[in-house]
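Here the protein sequences come in this chain order: A and B. Quick note: the first sequence, position 157, residue 137 per the numbering used here, numbers continuous. Take any residue in the second sequence, note its place counting from 1, add 612, and you have its number in the numbering used here.
Worth flagging that the hints you see were computed from the coordinates, not collected in a lab. We treat Cβ as the ideally placed atom computed from N, Cα and C, and that holds for glycine. Incorrect hints may appear among the rest.
[To be verified] Footprint (simulated), chain A over chain B, 3 or more residues, beta carbon under 8 Å:
{"#": "1", "segment": "620 to 634"}
{"#": "2", "segment": "670 to 676"}
[Unchecked claim] The calculated SDA-like cross-link candidates involving lysine to any residue, where the alpha carbons are at most 25 Å apart (straight line), are:
{"#": "3", "chain 1": "B", "residue 1": "K727", "chain 2": "A", "residue 2": "N(-3)"}
{"#": "4", "chain 1": "B", "residue 1": "K727", "chain 2": "A", "residue 2": "Q292"}
{"#": "5", "chain 1": "B", "residue 1": "K624", "chain 2": "A", "residue 2": "R280"}
{"#": "6", "chain 1": "B", "residue 1": "K727", "chain 2": "A", "residue 2": "E(-8)"}
{"#": "7", "chain 1": "B", "residue 1": "K732", "chain 2": "A", "residue 2": "E(-8)"}
{"#": "8", "chain 1": "B", "residue 1": "K727", "chain 2": "A", "residue 2": "R280"}
{"#": "9", "chain 1": "B", "residue 1": "K773", "chain 2": "A", "residue 2": "D366"}
{"#": "10", "chain 1": "B", "residue 1": "K624", "chain 2": "A", "residue 2": "D366"}
{"#": "11", "chain 1": "B", "residue 1": "K624", "chain 2": "A", "residue 2": "T373"}
{"#": "12", "chain 1": "A", "residue 1": "K215", "chain 2": "A", "residue 2": "P74"}
{"#": "13", "chain 1": "B", "residue 1": "K732", "chain 2": "A", "residue 2": "L(-16)"}
{"#": "14", "chain 1": "B", "residue 1": "K624", "chain 2": "A", "residue 2": "Q292"}
{"#": "15", "chain 1": "B", "residue 1": "K732", "chain 2": "A", "residue 2": "K215"}
{"#": "16", "chain 1": "B", "residue 1": "K727", "chain 2": "A", "residue 2": "I237"}
{"#": "17", "chain 1": "B", "residue 1": "K773", "chain 2": "A", "residue 2": "N(-3)"}
{"#": "18", "chain 1": "B", "residue 1": "K773", "chain 2": "A", "residue 2": "E(-8)"}
{"#": "19", "chain 1": "B", "residue 1": "K727", "chain 2": "A", "residue 2": "L(-16)"}
{"#": "20", "chain 1": "B", "residue 1": "K624", "chain 2": "A", "residue 2": "N(-3)"}
{"#": "21", "chain 1": "B", "residue 1": "K732", "chain 2": "A", "residue 2": "M(-19)"}
{"#": "22", "chain 1": "B", "residue 1": "K732", "chain 2": "A", "residue 2": "R(-12)"}
{"#": "23", "chain 1": "B", "residue 1": "K727", "chain 2": "A", "residue 2": "A(-10)"}
{"#": "24", "chain 1": "B", "residue 1": "K624", "chain 2": "A", "residue 2": "P74"}
{"#": "25", "chain 1": "B", "residue 1": "K727", "chain 2": "A", "residue 2": "M(-19)"}
{"#": "26", "chain 1": "B", "residue 1": "K624", "chain 2": "A", "residue 2": "A(-10)"}
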Amino acid sequence: MTVLEGFRVALEALRANRLRSLLTMLGVIIGVAAVVLLVGIGGGAKQEVTSQVEGLGSNLVIVVPGKFELGSAPTVSRLQLDDVDAIARVVGDPNAVTASVTSGEVARNGTREMFTSMVGVTETMTTVFDRPVARGQAISATDVDTRRRVAVLGSEAAEELFGDVDPIGRQLTLAGVRLRVIGVYAERGSAFGVSRDGEIHVPVTTAHRILGTERVDALVVKAPSSDRVEELRPKLEQALVDRYPGEEFSAVTQSQILGTIGKILGLLTLVLAAIAAISLLVGGVGVSNIMLVSVRERTREIGLRKALGARQRDVLLQFLIEAVMLTAVGGIIGITIGVGGSLLIDTFSPVPAVITWWSPAMAFAVSAGVGVFFGVAPARRAARLDPVVALRTD
Amino acid sequence: MIEAVDLERTYKLGDSDVGALRGVSLSVAAGDYVAITGPSGSGKSTLMHVLGALDRPTAGLVRIDGRDVNTLSDGDLAELRNATIGFVFQSFALLARTSAVDNVAMPLLYRGMRKSARRKLAVEALEKVGLAHRLDHRPNQLSGGEQQRVAIARALVGDPKVVFADEPTGNLDTRNGEEVMKLLGALNADAGVAIVLVTHEPDIAAHASRQIQIRDGRIAFDSAAGRDPAAA
């Protein structure tokens, strides 16, 4: 019997038990679909991170207190505004360093109100982050020095608090303090679902007074060029350690931050895919179980085939092909569902999903492999049946 | 055609060995029509299995078509059955999910024959048993007599030298039983195929030209030998 004939015979047997074959396949279908879908979503998230990294200016260095790595506890910042000058001396350009302090606050204009991030910034923020104002003015050195109660709105915040009215020169209440709007930023778009356009910026000194603190959450340095970033990082860290002996600081690039997010996403994808793989395994056990039942039920058929001249390998092949067909067809259906689901999610939800060529290919190979692995035991049992005993069975 | 010398076949039953065959010697020549009779439990089915290369003797020698069964592997035995032997069973043993013609063609599958060639031979075999109009019927769409005729077609499709028929009329009424016996008789007379018929019904056994009686795992009577070993 050739393999092709084996497929024909197996198909015939599976079609004779349609419902059972379908239910058996279901385990594999769910497992494969889950693997493909989760890998697709995980891959999509990772790809978005990668494209974000590529889209960023790679010459920004962010200096934060504590160690920057997975699993380290967040550290309370001891950085202060004076540190900006110290860092500026290391960089050699006071316009290339900025500091910020961020706090979640409620902003109000009459009856309109929104929850927003109040960010205290220095006047160098616009140059470091390359974030121009669309209308009005940015926060100036004088605003910072004299703790002026002024605010520059993100485009979304402006829209939400003032609607169609031009907010320049108008008042708003932020964290209970009245501020005058002096500018609106150009629209920036969102990264990872976090919109920077909803922020409201105030002079860092004003923010300090409102929050009753002197702290700075982070310092951001714009390196003169991206190839000088690496040489700058240890210098920045050292400069701060000199000022705060015994403390740790990390100078990280945006790509490092995104790389870490990518790592987390990769790990998450792996864990989810592993869970999905377990369900694929369970599907394989189901196939094995049904094949054992099938061999038991068809003992007479096996005896008959052997009496008529089927060799052990013919019977082995027949039952192995049945098992592989169950898992392979289940795998193809599962891949179709997984790929289709990924496309739907990618199109109709904010979650990105990417179909790589390898995940369906691997899912198919694994499900066919599961068929072979879990089909061998029942098929061997069938192949070794004694024809006389098998024929006598009812 | 088939030669058996001092056949013994014992089965393990718990700790003790039960002898189903205890020294059987006989030969079936080409074109013979042999009926093996005996009460149930006498060993006639076991004898059929051993002579039909479905089973191996515990001791003794079986030569089928010149080949010593003891020297053949399981795979060789399967090929030997496929090439030389046809089987007809009491319960018809048809595959319920496939058509008459596919059932008949099944032995040819294991001969590596192409599908079109298999079908051609299977159709011819079904024509011989008068079922040309039932090619694509499933077994459950056929009467018992028709099913057994399909089984006979399957036994003869591979052009065997010997056909073993185990109680072929056991599940049929008299009229259908006669029909089946007529087909077997024609197979023997016209095609020269040796027939080994296992039955406990004297009427059915009477169709054969040679009678062998088995009792307690031994040959009690063989009309070809012309003697009764029990009396000797």
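Against the structure, the hints:
1. Proximity of the segment 620 to 634 of chain B to chain A, defined as three or more residues with a beta carbon under 8 Å from a beta carbon of that chain, is not established by the 0 residues found.
2. Check on the segment 670 to 676 of chain B: 0 of its residues sit with their Cβ under 8 Å from a Cβ of chain A, so the three-residue criterion for coverage is violated.
3. Annotation: proposed proximity of K727 of chain B to N(-3) of chain A holds, straight-line Cα distance about 24 Å (limit 25 Å).
4. Of the supplied pair hints, the one linking K727 of chain B and Q292 of chain A holds, its CA atoms being roughly 21 Å apart against a limit of 25 Å.
5. Annotation: proposed proximity of K624 of chain B to R280 of chain A holds, straight-line Cα distance about 22 Å (limit 25 Å).
6. Of the supplied pair hints, the one linking K727 of chain B and E(-8) of chain A holds, its CA atoms being roughly 15 Å apart against a limit of 25 Å.
7. For a cut-off of 25 Å, the pair hint linking K732 of chain B to E(-8) of chain A stands: about 20 Å separates their Cα positions.
8. Between the alpha carbons of K727 of chain B and R280 of chain A the distance comes to roughly 24 Å, so the proposed pair stays at or under 25 Å and holds.
9. With a C-alpha separation of about 24 Å, the suggested pair K773 of chain B and D366 of chain A falls inside the 25 Å cut-off, and the hint holds.
10. Taken as a hint, the K624 of chain B and D366 of chain A pair is honoured in the structure, with Cα atoms around 15 Å apart against an allowance of 25 Å.
11. Simply put, K624 of chain B and T373 of chain A have alpha-carbon atoms about 18 Å apart, close enough for the 25 Å limit, and the pair holds.
12. Using a Cα cut-off of 25 Å, the hinted pair K215 of chain A and P74 of chain A holds, with the two alpha carbons roughly 16 Å apart.
13. At most 25 Å may separate the alpha-carbon atoms for a hinted pair to count; K732 of chain B and L(-16) of chain A meet this at roughly 20 Å.
14. The suggested pairing of K624 of chain B with Q292 of chain A holds, with an alpha-carbon distance near 24 Å, which does not exceed 25 Å.
15. A threshold of 25 Å between alpha carbons decides the hint, and for K732 of chain B with K215 of chain A the separation of about 89 Å lies outside it, so the pair is violated.
16. The suggested pairing of K727 of chain B with I237 of chain A is violated, with an alpha-carbon distance near 65 Å, which exceeds 25 Å.
17. Our distance criterion of 25 Å between C-alpha atoms is broken by K773 of chain B and N(-3) of chain A, whose separation comes to about 37 Å.
18. For the suggested pair K773 of chain B and E(-8) of chain A, the alpha carbons sit about 31 Å apart, so the restraint of at most 25 Å is broken.
19. A hinted pair counts as satisfied when its Cα atoms are at most 25 Å apart, and K727 of chain B with L(-16) of chain A qualifies at roughly 11 Å.
20. Pair hint K624 of chain B plus N(-3) of chain A does not hold up; C-alpha atoms about 37 Å apart against a cutoff of 25 Å.
21. Between the alpha carbons of K732 of chain B and M(-19) of chain A the distance comes to roughly 18 Å, so the proposed pair stays at or under 25 Å and holds.
22. A distance of roughly 18 Å separates the Cα atoms of K732 of chain B and R(-12) of chain A; the hinted pair therefore holds under the 25 Å criterion.
23. Note on K727 of chain B and A(-10) of chain A: the hinted pairing holds, with a Cα-Cα distance of about 15 Å set against a maximum of 25 Å.
24. Between K624 of chain B and P74 of chain A, the direct Cα distance comes to roughly 99 Å. Violation of the 25 Å bound is thereby established for this hinted pair.
25. For the hint linking K727 of chain B to M(-19) of chain A, the alpha-carbon distance of about 11 Å falls within 25 Å, and the restraint holds.
26. A threshold of 25 Å between alpha carbons decides the hint, and for K624 of chain B with A(-10) of chain A the separation of about 35 Å lies outside it, so the pair is violated.
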